[in-house]
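> Below are the chains, spelled out letter by letter.
2 protein chains.
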Amino acid sequence: MKALLLVAHGSRRAQSNDEVRELTARMRERDAQFDIVECAFLELAEPSIPDGIESCIRQGAREVVVLPYFLSAGRHVVTDIPGEVAGKQQEHPGVKIEIAPYLGAAPQIADLLLGLAR
Amino acid sequence: MKALLLVAHGSRRAQSNDEVRELTARMRERDAQFDIVECAFLELAEPSIPDGIESCIRQGAREVVVLPYFLSAGRHVVTDIPGEVAGKQQEHPGVKIEIAPYLGAAPQIADLLLGLAR
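In the order they appear, the protein sequences are chains A and B. Here this note's numbering is used: position 79 in the first sequence is 79, and no number is missing along the way. Here this note's numbering is used: position 90 in the second sequence is 90, and no number is missing along the way.
Next up, chain A with everything else stripped away, as it sits in the complex (with noise of 0.2 Å):
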């Protein structure tokens, strides 16, 4: 089973991190491909990047792609991403845990804004 799992900065603001649960949502009912679509916040929400991924081992994923909902390659994405993703690697070195490209590297994000424009 694989699994993919978004992880945002977390806000204060409930409704921040609501925003990020209605868009897990919505990629769940989109996607094919994977099994279970979840997410995680750094900060400030619940769940945990850790706990997250255990959620998804928990409910049988061998793999686990975890997607920066991030907009810059700051320290997030950069240092501390990673560093909570290579702790449950360490725990669970059966399961492939991967780290896939954060959102504002998509090359699409410039045809997307020029869409939101018009």
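By construction, these hints were calculated from the structure, which means they are not laboratory data. Small disclaimer: the values here were computed from a predicted structure and weren't measured. Hints are not guaranteed to be accurate.
[To be verified] Which stretches of chain B does chain A cover? Using the computed rule of at least three CB atoms under 8 Å from a CB of chain A, they are: (1) 14–20; (2) 26–38; (3) 61–70; (4) 83–92.
No residue lacks a Cβ here, since even glycine has one placed at the ideal position from N, Cα and C.
Take the given structure of chain A and dock chain B to it, following the hints.
What follows is chain B alone, placed relative to chain A:
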């Protein structure tokens, strides 16, 4: 003339601000509808939103579309950006300044993220 102003939060990391400038350059290349495509920052980087709007108007824009490069409808999107825009609108009543939906509101985000994960 019509201008598009991509508004990002701004970061202490010069590299993150440069990512926004590179994205803006990519949008400028790919777009055929706007005569001017610039970026501005809410804080921590230059130009500011008022300076960015002013620059578009000085280049001849009679219509400016402000596009928030933000993932959630937090205080910055709901209050701060509209506040900065309202101030400039008062100064330039003959220019039409509009705010487009913020990036996180784009329905295509779910598919874009799924594409990154595959």
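> With reference to the structure, classify each hint as holding or not holding.
Hint check:
1. Coverage of the stretch 14–20 of chain B by chain A holds [criterion: at least 3 residues with CB-CB distance below 8 Å; count 4].
2. Coverage of the stretch 26–38 of chain B by chain A holds in this model, with 6 residues showing a Cβ closer than 8 Å to a Cβ of that chain against a need of three.
3. With 3 residues having a beta carbon nearer than 8 Å to a beta carbon of chain A, the stretch 61–70 of chain B meets the requirement of three or more and the stated coverage holds.
4. For the stretch 83–92 of chain B, the stated coverage by chain A is not satisfied: 0 residues place a CB nearer than 8 Å to a CB of that chain, which falls below the threshold of 3.
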